[in-house]
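J.: Single-letter residue listing:
There are 4 protein chains.
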Amino acid sequence: MSSTLHVTVWNEYRHERSDQRVSAIYPEGIHATIAQALSKDTAIQVRTATLDEPEHGLTEEVLNSTDVLLWWGHQAHGEVRDAIVDRVHKRVLAGMGLIVLHSGHYSKIFQRLMGTTCNLKWREENDKERLWIVAPGHPITEGLGEYIEIEHEEMYGEPFDIPAPETLVFVSWFSGGEIFRSGACYSRGKGKIFYFRPGHETLPTYHHPDVQRVIANAVRWAAPTPSASPIFGNTPSLEKSK
Amino acid sequence: MSSTLHVTVWNEYRHERSDQRVSAIYPEGIHATIAQALSKDTAIQVRTATLDEPEHGLTEEVLNSTDVLLWWGHQAHGEVRDAIVDRVHKRVLAGMGLIVLHSGHYSKIFQRLMGTTCNLKWREENDKERLWIVAPGHPITEGLGEYIEIEHEEMYGEPFDIPAPETLVFVSWFSGGEIFRSGACYSRGKGKIFYFRPGHETLPTYHHPDVQRVIANAVRWAAPTPSASPIFGNTPSLEKSK
Amino acid sequence: MSSTLHVTVWNEYRHERSDQRVSAIYPEGIHATIAQALSKDTAIQVRTATLDEPEHGLTEEVLNSTDVLLWWGHQAHGEVRDAIVDRVHKRVLAGMGLIVLHSGHYSKIFQRLMGTTCNLKWREENDKERLWIVAPGHPITEGLGEYIEIEHEEMYGEPFDIPAPETLVFVSWFSGGEIFRSGACYSRGKGKIFYFRPGHETLPTYHHPDVQRVIANAVRWAAPTPSASPIFGNTPSLEKSK
Amino acid sequence: MSSTLHVTVWNEYRHERSDQRVSAIYPEGIHATIAQALSKDTAIQVRTATLDEPEHGLTEEVLNSTDVLLWWGHQAHGEVRDAIVDRVHKRVLAGMGLIVLHSGHYSKIFQRLMGTTCNLKWREENDKERLWIVAPGHPITEGLGEYIEIEHEEMYGEPFDIPAPETLVFVSWFSGGEIFRSGACYSRGKGKIFYFRPGHETLPTYHHPDVQRVIANAVRWAAPTPSASPIFGNTPSLEKSK
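Those protein sequences? They're chains A, B, C and D, same order as listed.
Under the working numbering, read the first sequence as residues 931 to 1172, first letter to last.
Under the working numbering, read the second sequence as residues 931 to 1172, first letter to last.
Under the working numbering, read the third sequence as residues 931 to 1172, first letter to last.
Under the working numbering, read the fourth sequence as residues 931 to 1172, first letter to last.
Because the hints were derived from the structure by calculation, they are not lab data.
Where hints are given, some of them may not hold.
[To be verified] Reference listing, derived: stretches of chain C covered by chain B, where coverage requires no fewer than 3 residues with Cβ under 8 Å from a Cβ of chain B:
(1) 1062-1072
(2) 1088-1095
(3) 1105-1117
Using N, Cα and C, we set each Cβ at its ideal position, and we do this for glycine too.
Chain A with its partners taken away, still in its complex shape:
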């Protein structure tokens, strides 16, 4: 597939407009920083969408023309309308890739796809985080060294109430004594899903080159595979029965 990949970066976009600490780091929003980083790959065409746009910026038209959707949310998960969650869910099952970032673990769409609470431990004390690769050779690790180090991050700790990942790519070490499954691959229907832990709003994580690299790798990995649509329901037999 040499063709263009259409990516939509969705962001709640509230912290950046109400908290100076956040806007100092992401003046045009976390989505803008991520979009800009992805745009370096000329094969990726990026647009953004945010909570307070009509239909949260996720109209049928936008979603139907999105190959991979990124999701960052935190304080307003409850404001995401169920009808839009249904729409995203359907698109993922139909093949759209989904990259869930950081506090997006608690979004309705991630909970819906996982079937669990997606709850976890957390602490905002600027722990050091070191993400170790435990799936060497996985496409999402392209170009990385043997770990990613982030000087200051919010801590997320186990238990992380998710299904066992189909592929566990990263496990984080935190200076405060915890570990966390911080890079996790799933497939649901025809869609590929990647959860990636780092990215607290008060810290410059999305400016980190390795974090940007992982997100770009994940986008390419999650690209839809063109193939037949599933056929469900009552079906005649393919062989003469008995």
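Fit chains B, C and D to the known structure of chain A by using the hints.
T.: Positioned in the frame of chain A, the structure of chains B, C and D alone reads:
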């Protein structure tokens, strides 16, 4: 764990009361037949619950004292109240085992736990079904030969819209030309889940000794593991930070 | 990765030189047919290697410049020298992709990588085979319909003594009553491995367009991911201990 | 299965006879300490075997009457005879459970079963280790809190060159900055395998009550499942072909 296992067999119990073909095979309901089979193991204490009882027979009290819940439903999935589904969901995450049978694939609780539609192909033409073991040595296969043969069954065919099973135990061959992942293990939270395909209401499948054996094995496999409850939320560090 | 993919198709190449039924179908060898099919993708550069060449055609130089190796063997597994098996093993762990075809299930290299006997059931009676996709959306299924049908093939049946696949892509239905896990993905070290069942030497399976398509998809999927080499052994601490 | 479980604890038993630091902690050998702990469960019958006994203490008779084998080795992996490794391998595939402890990661039998080098990082500086449970509800975690803390242990760090575990039960945090997949479940043939990381010979790890508990849980989890033996080879069709 030598102690008694408390099992609740839940059944929609509608077909048996409206369709003579079904009541001829399961005069007191599918749940009664399954319960009777399980009762042969004196370490298992069984009760039943059905849709038309108050709270569908699944009060807090019943669920809290249930180690493993079995679920058979078909024509009335939509009548199961969401509040009861929430309750069962919570109990599974807290450790209760769940065995989902046949058309229960389309129940609200299974869809909730899987995060997918759980849709599939089907055909009611009394195909021959042969369930091959692909996880030899798994506790759910205890006492079986190398496959289970069922002379007549409803066909379920792929694609089966579920997450890839953590352990795939059985794959079915059907005389009409299809295959199906017919025995699938999952864990969600502290709970173990097993989906087992056979069991069409118009056929004597639940009288089949190997089918009964699989269900009894699955009940033992899905028994809760006593261990600490998960601790979520804001948490102080275990180590001196920096 | 827009760069060229270097592929080596390895074949035992004995049947074709001793059995007219085989040479009628694959006059220049199974490897030549597969190589020709792969060559349609201009981003793939193919060469071949066979058992009776010096070092089985798999010199250090050849292997070190191979991104993905395909392996077909049958009657002469025992003649493959252990030193060459070691060499291939090392290269797979270092990132080279490996596609094991049909009777290659019983090759030394596949057994070494799997850690099991890789034994199975078989029958040469020209069963009909239908390979159902059970991992919709997987890159290896690109461009396929919902199943692949092969009018005549050797039957392989369960139990197939392999570790549970990391991703199970295809399950085969056979007219004689068996099923088989016929498309299975693994990773070992940095290398990706795909086992693909069809391809009996007396049948024109490798001329089948869908079989060719799967093999080409698998080659692209198994391409190495450029990333840091693993660092093993005694290592100083990254943090001040205590 | 209320019947007795027959367990054999195998130990290299060299450090204890040559190094006073080790014999001070394990005067009769690591195997004796583990065996004694397991014996508290009256349903478990334990014996031990060591490298320097004839046939390493693993005669056909011993292995054939062993339900679960535990393996501790370190400095003399190369002295374990290949014929004995073959014998153990065969028994595992036939259903015998295998618990591989600590430096046993580099034993011939574990490498054979995994198909990889099983290499890793290490450091002997008495790091603090904290094993976090990432598979809550798994039988091997019975009776545990949310983590196990070991004040001083040898560090093992990623990359750990193993296949992705079928179930990852524990991940270790080390004070020096590393993480490690320290509790990993596999099945091979009919046998269940559990790798458990802690247990350096110069430290009293096997006297730790939670470590003893995990080992006992693992033994019960790895018990063989009585079921049909696999049937391989040429086989007549079950259905009339065409």
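J.: Would you pick out the hints that fail for this structure and give their numbers low to high?
T.: Those not satisfied: there are none.
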